[in-house]
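Chain A is already provided as a structure; the job is to place chain B on it using the hints.
From first to last, the protein sequence lines stand for chains A and B. The letter at position 4 of the first sequence is residue 3 when you use numbering that gives the first Met the number 0, and the numbering goes up by one with no holes. The letter at position 11 of the second sequence is residue 10 when you use numbering that gives the first Met the number 0, and the numbering goes up by one with no holes.
Calculated directly from the structure, the hints in this document are not laboratory data. In this text the structure is predicted, and so the values were computed from the model without any measurement. Be a bit skeptical, because a hint or two may be false.
[Stated by the list, open to error] Not close to chain A: a few residues of chain B, all C-beta gaps over 12 Å, as computed:
{"hint": "1", "residue": "Phe58"}
{"hint": "2", "residue": "Trp101"}
{"hint": "3", "residue": "Leu120"}
{"hint": "4", "residue": "Val186"}
{"hint": "5", "residue": "Met235"}
{"hint": "6", "residue": "Thr237"}
{"hint": "7", "residue": "Thr278"}
{"hint": "8", "residue": "Ile323"}
{"hint": "9", "residue": "Ile324"}
{"hint": "10", "residue": "Phe345"}
[Unchecked claim] Label pairs and their in silico Cβ distance ranges:
{"hint": "11", "chain 1": "B", "residue 1": "Phe345", "chain 2": "A", "residue 2": "Ala182", "range": "25 to 35 Å"}
{"hint": "12", "chain 1": "A", "residue 1": "Ile155", "chain 2": "B", "residue 2": "Phe343", "range": "37 to 47 Å"}
{"hint": "13", "chain 1": "A", "residue 1": "Ser186", "chain 2": "B", "residue 2": "Met36", "range": "44 to 54 Å"}
[As the list claims (entries may be wrong)] Sample of chain A residues at the chain B side, in silico, Cβ under 8 Å:
{"hint": "14", "residue": "Leu86"}
{"hint": "15", "residue": "Arg87"}
{"hint": "16", "residue": "Phe100"}
{"hint": "17", "residue": "Thr102"}
{"hint": "18", "residue": "Phe107"}
{"hint": "19", "residue": "Lys110"}
{"hint": "20", "residue": "Trp230"}
{"hint": "21", "residue": "Lys275"}
{"hint": "22", "residue": "Leu276"}
{"hint": "23", "residue": "Tyr282"}
{"hint": "24", "residue": "Ile283"}
{"hint": "25", "residue": "Ile286"}
{"hint": "26", "residue": "Ile290"}
{"hint": "27", "residue": "Thr293"}
{"hint": "28", "residue": "Leu294"}
{"hint": "29", "residue": "Gly307"}
Every residue, glycine too, gets a C-beta built ideally from N, C-alpha and C.
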Amino acid sequence: MDILNEIGLFLQTSLQMGTHILLAIVGGIMCERVGNMNLGIEGMMLMGASFGYFIGVQTENPILAMLCAGLAGALGALIYAIITVTLRGNQVVTGLVLTIFGTGVAGFIGKTISGISLSQNVTGFFAAYSIPFLSDIPIIGKALFEQSFYVQLAIIVSILCFIYFKKTRAGLNARAVGENPAAADASGINVTLYKYLHITGGGFLCGLGGAYLSLAFLSRWQDDITAGAGWIAVALIIFSTWNPLKAILGAYLFGLLKGLNFKLQNIDMGFTIPSKLLDMVPYIATIVVLILITLRKKKEHQPPAALGNPYFREER
Amino acid sequence: MIKIVKKNAPTPLRENLTRILAVVFAFVMSGIIIALMGYNPFEVYWKIIENSLFSTMRFEGTMNKAIILVVLSLGIAIAFRMKFWNIGAEGQFYMGAFGATWIALSFPELPMIVLIPMMILNAFIYGAVWSLIPALIKWKFGTSETLVTLMMNYIAIAWISYLQYGPWRDPAALGAGKISKFSENAVLPDVFGIHCGWIIALVLVVVMTILFKYTKLGYKIDVLGESETTAKYAGMNTLNIMLIAVMISGGLCGIAGMMQSSAVEKSLSDSLSGGLGFTAVITAWLAKLKPPAIVFVSFAFAMLLQSGTALQLDLKISSSICSIIQGIIIFFILGSEFFINYKFVFTPRVREAGKENG
Chain A
0 MDILNEIGLF
10 LQTSLQMGTH
20 ILLAIVGGIM
30 CERVGNMNLG
40 IEGMMLMGAS
50 FGYFIGVQTE
60 NPILAMLCAG
70 LAGALGALIY
80 AIITVTLRGN
90 QVVTGLVLTI
100 FGTGVAGFIG
110 KTISGISLSQ
120 NVTGFFAAYS
130 IPFLSDIPII
140 GKALFEQSFY
150 VQLAIIVSIL
160 CFIYFKKTRA
170 GLNARAVGEN
180 PAAADASGIN
190 VTLYKYLHIT
200 GGGFLCGLGG
210 AYLSLAFLSR
220 WQDDITAGAG
230 WIAVALIIFS
240 TWNPLKAILG
250 AYLFGLLKGL
260 NFKLQNIDMG
270 FTIPSKLLDM
280 VPYIATIVVL
290 ILITLRKKKE
300 HQPPAALGNP
310 YFREER
Chain B
0 MIKIVKKNAP
10 TPLRENLTRI
20 LAVVFAFVMS
30 GIIIALMGYN
40 PFEVYWKIIE
50 NSLFSTMRFE
60 GTMNKAIILV
70 VLSLGIAIAF
80 RMKFWNIGAE
90 GQFYMGAFGA
100 TWIALSFPEL
110 PMIVLIPMMI
120 LNAFIYGAVW
130 SLIPALIKWK
140 FGTSETLVTL
150 MMNYIAIAWI
160 SYLQYGPWRD
170 PAALGAGKIS
180 KFSENAVLPD
190 VFGIHCGWII
200 ALVLVVVMTI
210 LFKYTKLGYK
220 IDVLGESETT
230 AKYAGMNTLN
240 IMLIAVMISG
250 GLCGIAGMMQ
260 SSAVEKSLSD
270 SLSGGLGFTA
280 VITAWLAKLK
290 PPAIVFVSFA
300 FAMLLQSGTA
310 LQLDLKISSS
320 ICSIIQGIII
330 FFILGSEFFI
340 NYKFVFTPRV
350 REAGKENG
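Chain A extracted, bound-state conformation (with noise of 0.2 Å):
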């Protein structure tokens, strides 16, 4: 029964851990899904972190607070569309550049946030609360149902964008665009206005990412808040081989990972597994996907086959 509550309880942390990039590797596969590589998810995170923060603070609203930190993320994302899509800009190098913008941004404006704390109103918005029975389940049952909403929120954007690329007709349209826009475009899709609706609002997921970091999981604002997590984001979207569900499994394998590395520091094993080189293992995981789903050739499994190439429709 202890080791059944201690599972439990290493889970429900863990749930917490990946939380702010489950919600990044859904607003990158939004992108990615319609044919756009965004190396900023980093920089949006962290606009949408401190925007949030921001907002928090000055109106002790939290809903208002989370809905500024997804517009922020959304910002981001609308110039790097306008430079990709319309203006047919290089898409790594403007992702990159998104991400020492938002890096500044954040910069700027965590000088303003810095040591001053949420009022109780946000904080008790975002912490933990128990479903009863529900979350007497044992294992699972303190990690879905004894959390902050926030968590929650973001397993079900993940279930709602699964089904929504799956079994909806605009969700097929956004993928065909990704795949084909030649085709897309000839079929009557409007091919930017799809690239720009999905470009923004994976930066509203990756802003709303950013800011349960601030908002909810550490209720502060600190220098560097993500520490890299949109890079990992990057990672995981092909470890999930654009799937939002196998989204939810890869950023909580991630949380675990983060969750043991900590755990493993504290107990006495007779040998200590360097906690750095565990940091290696989603990076080393993807790559070994990557090669995966290439040799399989399942079309499941592919990247979007116009990921990374700009459309231009005069040069069909």
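Chain B in isolation, oriented as in the chain A frame:
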């Protein structure tokens, strides 16, 4: 209706005018944002120039960053010309630094004239091997090199962290995770007050210019970048060309790592690059992958990077402003490229209807 129409082939003059205009717009735009933040934009711009150029110490800092950026950008340029999207410069930089540090710590007593070349050579090899891995994966499995090189960055950084806090931790640092300083012999000497990496960088610029412009290999790289089918049809051994170019690319980034560890940090740490490997992707791209332009772009970026810390001290402005300005300027330049080749044409619907009648 707004339509996008291709312009006639641009003249070099019009191309450069467009870019200059973009930079001017960018400065106006970021000036407005700085003003909105409550600072005087002219003062901020002046401080950026003053703080990066007008003091020997700060000029040295600018040069140190510029040298590294030039070498990294050259490395990235050769891969990008082949359309091999190597964004793993950061990782190759760290592996190069690792190779150099290994030599420096193993043979601290060797005379400088032997030790430094050994460090450079080893840095080149380690960087080259690190970039060879994604190239081989691409060749063998067809896996996208963009993603693999990106992942390899973080594996390299984690490896350096491991060394720093593990096997290579300096016992004299009293528990702090630090690798010990290099011996005097392993530090690149100064020439005219700046470490002699600037000579190496300039030599590399000349060599790469010649390579791109006048050698068979450079020509083959460009052809391969244009179209793999053409290259194959012309009877080129595309695999060989790719592997050689990728190794030069990674090797140069490795040498940049060696310079930074030997001349600037005089040691190795997991924050050695400060993100220069990513900045260099941007500088190489903005310079259109041309070595002489790389020198100018790198220097301009180094100025911005260097003045960041100084701004904070002088004007009590957050150093983040420099990142914001940097971002805005590049956004504008990236966006302006479009207007070199295309233009928007506004065609009222009425006229289309009129055409049908006539």
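Structure-based check of all given hints:
1. Phe58: Label holds. Min Cβ-Cβ 23 Å, cutoff 12 Å.
2. Trp101: It holds; Trp101 of chain B is separated from chain A by about 18 Å at its closest Cβ, greater than 12 Å.
3. Leu120: Given that every Cβ of chain A is farther than 12 Å from that of Leu120 of chain B, nearest at about 27 Å, it holds.
4. Val186: Holds, because the least Cβ-Cβ distance between Val186 of chain B and chain A comes to about 27 Å, which exceeds 12 Å.
5. Met235: holds, 24 Å
6. Thr237: Per Cβ check, Thr237 of chain B is outside 12 Å of chain A; nearest 19 Å; holds.
7. Thr278: violated, 8 Å
8. Ile323: violated, 4 Å
9. Ile324: Not fine: 8 Å to the nearest Cβ puts Ile324 of chain B too close to chain A.
10. Phe345: Answer for Phe345 of chain B: holds, closest chain A Cβ roughly 15 Å.
11. B:Phe345 to A:Ala182: 25 to 35 Å: holds, 28 Å
12. A:Ile155 to B:Phe343: 37 to 47 Å: holds, 41 Å
13. A:Ser186 to B:Met36: 44 to 54 Å: Holds: the Cβ-Cβ distance is about 47 Å, inside 44 to 54 Å.
14. Leu86: holds, 4 Å
15. Arg87: holds, 6 Å
16. Phe100: With a closest approach of 3 Å, the Phe100 of chain A hint holds.
17. Thr102: holds, 6 Å
18. Phe107: Result: holds, 4 Å to nearest chain B Cβ.
19. Lys110: For Lys110 of chain A, the interface hint holds, since the closest Cβ of chain B sits about 5 Å away, which is under 8 Å.
20. Trp230: Cβ of Trp230 of chain A sits 6 Å from chain B, so the hint holds.
21. Lys275: holds, 4 Å
22. Leu276: Interface hint status for Leu276 of chain A: holds (5 Å vs cutoff 8 Å).
23. Tyr282: With a minimum Cβ separation of about 4 Å from chain B (threshold 8 Å), the hint on Tyr282 of chain A holds.
24. Ile283: holds, 6 Å
25. Ile286: holds, 5 Å
26. Ile290: It holds, given that the least Cβ distance between Ile290 of chain A and chain B is near 5 Å, below 8 Å.
27. Thr293: Holds - the Cβ of Thr293 of chain A comes within 8 Å of chain B, reaching about 5 Å at its closest.
28. Leu294: OK, holds: Leu294 of chain A within 8 Å of chain B, min 6 Å.
29. Gly307: holds, 7 Å
Hints 7, 8, 9 from the earlier list are contradicted by this structure; the remaining hints agree with it.
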